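Can you build the whole structure from these sequences, using the hints too?
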Amino acid sequence: MGGSPGGTLAIRAAKKEERFEQLLSTRRLPPRKCSLHGQDQQSAVSETTDKTLSAIKMRANGWCNHQIKHLSSTYDPETLSYLATLKRVTCRQADHSKCVDSEDCVAYNVDESSYRTRHVDEGCACSWVETPYADLLEVIRKGQIPVLSIDTACNLQVSSISKVERYICISHVWSDGLGNPRSNALPTCQIRRLRAYLNKFDDKWFWMDTLCIPVKETEQSLRLQQINKMTRIFKGALSILVLDAELLALVPKFSSVAVPEWFLSRGWPGDIVPSKTRSKEVKRLHVETRARIACSVWMTRCWTLQEGRLPEKITVQFLDCAVMMGPYSSSNREYDESILMADRSSIGVPFTRPECQCVNIRLERRLYHMFFDTPEDPAGELANVWNELAGRSATKSKDIFIITAGALGLVPKSLLEPVEFERLFQSIILSLNSIPLSLFFNTGPKVDASGNHHNRWVPLKSSKDLMTESHFLKRTKSHFTYRYIFEEDTGGERILAYTTSTILLLKSRTYLRLENDRMYMIEPSVPDDDQFDAAEYGSSCLLLEDIASSGSSNTLRGALFFSRNNFVFSSSTQQRDIPWHCLTFYCPIRLYHSLSLKFRVS
5 MGGSPGGTLA IRAAKKEERF EQLLSTRRLP PRKCSLHGQD QQSAVSETTD KTLSAIKMRA
65 NGWCNHQIKH LSSTYDPETL SYLATLKRVT CRQADHSKCV DSEDCVAYNV DESSYRTRHV
125 DEGCACSWVE TPYADLLEVI RKGQIPVLSI DTACNLQVSS ISKVERYICI SHVWSDGLGN
185 PRSNALPTCQ IRRLRAYLNK FDDKWFWMDT LCIPVKETEQ SLRLQQINKM TRIFKGALSI
245 LVLDAELLAL VPKFSSVAVP EWFLSRGWPG DIVPSKTRSK EVKRLHVETR ARIACSVWMT
305 RCWTLQEGRL PEKITVQFLD CAVMMGPYSS SNREYDESIL MADRSSIGVP FTRPECQCVN
365 IRLERRLYHM FFDTPEDPAG ELANVWNELA GRSATKSKDI FIITAGALGL VPKSLLEPVE
425 FERLFQSIIL SLNSIPLSLF FNTGPKVDAS GNHHNRWVPL KSSKDLMTES HFLKRTKSHF
485 TYRYIFEEDT GGERILAYTT STILLLKSRT YLRLENDRMY MIEPSVPDDD QFDAAEYGSS
545 CLLLEDIASS GSSNTLRGAL FFSRNNFVFS SSTQQRDIPW HCLTFYCPIR LYHSLSLKFR
605 VS
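Take the sequence shown: its position 511, counted from the start at 1, is 515 in this note's numbering, and no numbers get skipped.
For the record, the hints were derived by calculation from the structure and aren't laboratory data. Remember, it's a predicted structure, so these values are computed and weren't measured experimentally. Hints should not be assumed to be uniformly reliable.
[To be verified] Here are the computed lysine-lysine pairs in the DSBU-like style, where the Cα-Cα straight-line distance is at most 35 angstroms: (1) Lys146 x Lys239; (2) Lys146 x Lys400; (3) Lys204 x Lys220; (4) Lys402 x Lys55; (5) Lys91 x Lys402; (6) Lys478 x Lys317; (7) Lys146 x Lys317; (8) Lys481 x Lys233; (9) Lys511 x Lys468; (10) Lys400 x Lys167; (11) Lys239 x Lys208; (12) Lys146 x Lys220; (13) Lys239 x Lys220; (14) Lys287 x Lys204; (15) Lys204 x Lys167; (16) Lys239 x Lys402; (17) Lys400 x Lys317; (18) Lys37 x Lys204.
[Stated by the list, open to error] Listed next, with one range per pair, are the computed distances between beta-carbon atoms: (19) Lys73 x Gly413: 27 to 35 angstroms; (20) Ser482 x Lys239: 31 to 39 angstroms; (21) Ile507 x Ser117: 51 to 59 angstroms; (22) Asp533 x Thr506: 21 to 29 angstroms; (23) Asn569 x Ser166: 53 to 61 angstroms; (24) Asp533 x Lys73: 27 to 35 angstroms; (25) Ser505 x Glu292: 57 to 65 angstroms; (26) Ser401 x Gln161: 32 to 40 angstroms; (27) Asn69 x Trp132: 33 to 41 angstroms; (28) Ser77 x Asn456: 29 to 37 angstroms; (29) Lys402 x Val93: 27 to 35 angstroms; (30) Asn569 x Lys73: 37 to 45 angstroms.
Here a beta-carbon is modelled for each residue, glycine too, at the ideal position from N, C-alpha and C.
Printed below as a string of C-alpha cells:
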C-alpha cells in the first residue's frame, strides 16, 4: 500500500524519565471500598479460586463455551466463581450445540428469511403500527436523520434530529424479536410497551433501527446512507435504552453505597482522595443485578458494543424500573447511576449486615472501562474495542468493520463503498495516529502473512488474541515509532527486548532463557508457504510481553523483527546518543515454559 506505514518499526532506546507512551489520567469512578474487607478495589485481584471449576459449572448449566472463555479471560477467579452461581432466566430457547464448531457464539444470530417479529405475549394477535413511510423517506432524502414519537393512540410521528433537542436510541437484541427485515413496523403491543418505557424520560423522541432504517429493496441506497450515519446517531443521543429479554424479566436489586459529598457536588479532584470526608448514601446496583448485565446476551453482540460506547449515558430497562448509568451531570462528568421508572419505596432496602462488595466493585469498574473510560490515546481505544469484540458475535461478519470503526468514533464512509474485503480492517488501523504494540503479537488471520513485504502484520479481522492496553506505536508516513524504555519495574507492564547479530528464522527448535532464569521454547507463527526474503537483514530482535503483562508465566507473547544493522541498547546511553533502529516485522511468536529443561543454552 503505497505511502502507508507498513511493518517497519523505528525503535528508540529511552530512559525512564523520558517515557511518553503512558495514557493520561482519565475520568474515574467514585472511590469505593468493600464495606466488609475495607481495601480499595480499583485493581483488586483474587487468586483463591480455580477458574476451571467455575467453567465446568457454567457449562453444566447451559452457558455458551465462547462466553465462558471470554468471561474467564476478562475477570479474576473470584468474580468468575460468582458469575457461575447465577441462575439464568429461562426466557429464551437458546441452542448452543452449533457454537461448538464455530469461531463465535451463533445461538443468537438471525436468519432474515425466517425471522419472526414477536408480540409482547405469545398468542397476541394485535395489529401492527408502521412508520409513515413517505415521511420517513422525505427526511432521509434531505440528508437528515429521522426520529420518532408515539402518541396516546400508539401512532408514530416522524421528525428529524435537526428539529429536536434530545432523543433516545433503542438498543435491542434482534433475536429477542424486536426487529423486522420486511417492513418498518412493530406490533401495537410492542409500540405500547415502548411508549411506557420512554414516558419517564424528559424527551419523547427516539430512534430505533427497526422503525427508522428503510428495508425495502428499492431504498437500498437510503438504507446504506443511514447505516453510514450510525456513529453520529448514537453519539448524539442523550442515552440508549437497552432492551434485553433476560433483563426485562428481572426485578433488579440495589445496595446503599457511601460516596463522598464533595464527589457528588464537584467531582473527584484528580487522584487526591481525602482521608476523612463526609459521605452520603446513594443507590447502586446490587452485585447480582450488575452481574446479570455483564452476562446478558446484549453484552455478547457486536452491534451493541458500538451502541453502548457512543452516547453519554446507558439506560438499562428492567421489569419494573430502569437504571441510567453515565456522567453525574452536565457540570460533573463523574460516573453515576440513577433509578428511573420505579416505585422508589420498594427498592434499595438497606441490608441489615455488611456484605462483601469486592465482586460488585470489579464488575462496576469493568463496565465503566468498557463504555465510559475513554483513553487519551486512540491506541488504547483500539485495544479496548478489539478485546471486547473478541467475546461478541455478529450475524453478518462484514458488519464487524463498520462496528469497529463506529466504536472508535470513525466515520466509515469507505466501508460502504465497493472495496476489497481484506483491506477494510487495514483502512481502520491506518486511520489511527497510534496502535498497540501488542497488535504485532496477534496470531489471528492476516491480510497476507506469507508475502515478502512490510505489511505481514495487518490483521484481516479482530481475533481472540487480546491486546494489552499499554505500549503504543506512533504512526508516521512511512513507519511506526516506539520508544523502548529501560526500567526495572513498571508495575507489570514491561516490554522485554532480546537481540542477536544473526537472523532467527526459527526453522528448528529454539530456546530462550529469560531474566528470571526460566527456559522457554520459541514457537513462530509462520505460514507454510512463507515467501519472506531475509537475505538483506543482518540481525534479529524479539519484543516480548513480560510475565505480569501476559497473565501467565508459562506462555509469553511476542514478535520477531529483523534489522539491517546491529543493535546498540544501553540504559546508560546519554540523551544525545540515544540510537534509533529500523525493524521489519517477520512474525508473531509464542514462548512456552519447559519444566524439563535443566541445561543452559548460550
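Here is how each hint holds up against the structure:
The suggested pairing of Lys146 with Lys239 holds, with an alpha-carbon distance near 21 angstroms, which does not exceed 35 angstroms. Annotation: proposed proximity of Lys146 to Lys400 holds, straight-line Cα distance about 29 angstroms (limit 35 angstroms). At most 35 angstroms may separate the alpha-carbon atoms for a hinted pair to count; Lys204 and Lys220 meet this at roughly 33 angstroms. Restraint check: the Cα-Cα separation between Lys402 and Lys55 comes to about 33 angstroms, which is no more than 35 angstroms; the hinted pair holds.
Restraint check: the Cα-Cα separation between Lys91 and Lys402 comes to about 34 angstroms, which is no more than 35 angstroms; the hinted pair holds. Our distance criterion of 35 angstroms between C-alpha atoms is met by Lys478 and Lys317, whose separation comes to about 31 angstroms. Under the criterion of a C-alpha separation no larger than 35 angstroms, the hint pairing Lys146 with Lys317 is consistent with the structure, at around 29 angstroms. Our distance criterion of 35 angstroms between C-alpha atoms is met by Lys481 and Lys233, whose separation comes to about 29 angstroms.
Pair hint Lys511 plus Lys468 holds up; C-alpha atoms about 26 angstroms apart against a cutoff of 35 angstroms. Taken as a hint, the Lys400 and Lys167 pair is honoured in the structure, with Cα atoms around 33 angstroms apart against an allowance of 35 angstroms. Only pairs whose Cα atoms come within 35 angstroms are accepted, and Lys239 paired with Lys208 is accepted, the gap being roughly 18 angstroms. At most 35 angstroms may separate the alpha-carbon atoms for a hinted pair to count; Lys146 and Lys220 meet this at roughly 18 angstroms.
In summary, the hint linking Lys239 to Lys220 is supported, as the alpha carbons are separated by about 26 angstroms, within the 35 angstroms threshold. Among the hinted pairs, Lys287 with Lys204 is consistent with the structure: their alpha-carbon atoms are about 19 angstroms apart, no more than 35 angstroms. For the suggested pair Lys204 and Lys167, the alpha carbons sit about 21 angstroms apart, so the restraint of at most 35 angstroms is met. About 22 angstroms separates the Cα atoms of Lys239 and Lys402, which keeps this hinted pair within 35 angstroms; it holds.
Restraint check: the Cα-Cα separation between Lys400 and Lys317 comes to about 27 angstroms, which is no more than 35 angstroms; the hinted pair holds. The suggested pairing of Lys37 with Lys204 holds, with an alpha-carbon distance near 32 angstroms, which does not exceed 35 angstroms. Under the hint 27 to 35 angstroms, the C-beta atoms of Lys73 and Gly413, about 28 angstroms apart, fit the expected range. The given range of 31 to 39 angstroms is respected by Ser482 and Lys239, whose C-beta atoms sit roughly 33 angstroms from each other.
Ile507 and Ser117 have their C-beta atoms about 54 angstroms apart, which keeps the hinted 51 to 59 angstroms range intact. Range check, Asp533 to Thr506: about 24 angstroms between beta-carbon atoms, so the 21 to 29 angstroms window is met. For the pair Asn569 and Ser166, the beta carbons lie near 58 angstroms from each other, so the given range of 53 to 61 angstroms is met. A hinted range of 27 to 35 angstroms holds for the C-beta pair Asp533 and Lys73, which are about 30 angstroms apart.
The given range of 57 to 65 angstroms is respected by Ser505 and Glu292, whose C-beta atoms sit roughly 59 angstroms from each other. Remark: the range hint 32 to 40 angstroms for Ser401 to Gln161 is upheld by a beta-carbon distance near 37 angstroms. The hinted range of 33 to 41 angstroms is satisfied by Asn69 and Trp132, whose Cβ atoms lie roughly 38 angstroms apart. Taking the beta carbon of each, Ser77 and Asn456 are about 34 angstroms apart, inside 29 to 37 angstroms as hinted.
As the Cβ distance of Lys402 to Val93 is approximately 32 angstroms, the hint placing it in 27 to 35 angstroms holds. A hinted range of 37 to 45 angstroms for the beta carbons of Asn569 and Lys73 is consistent with their spacing of about 42 angstroms.
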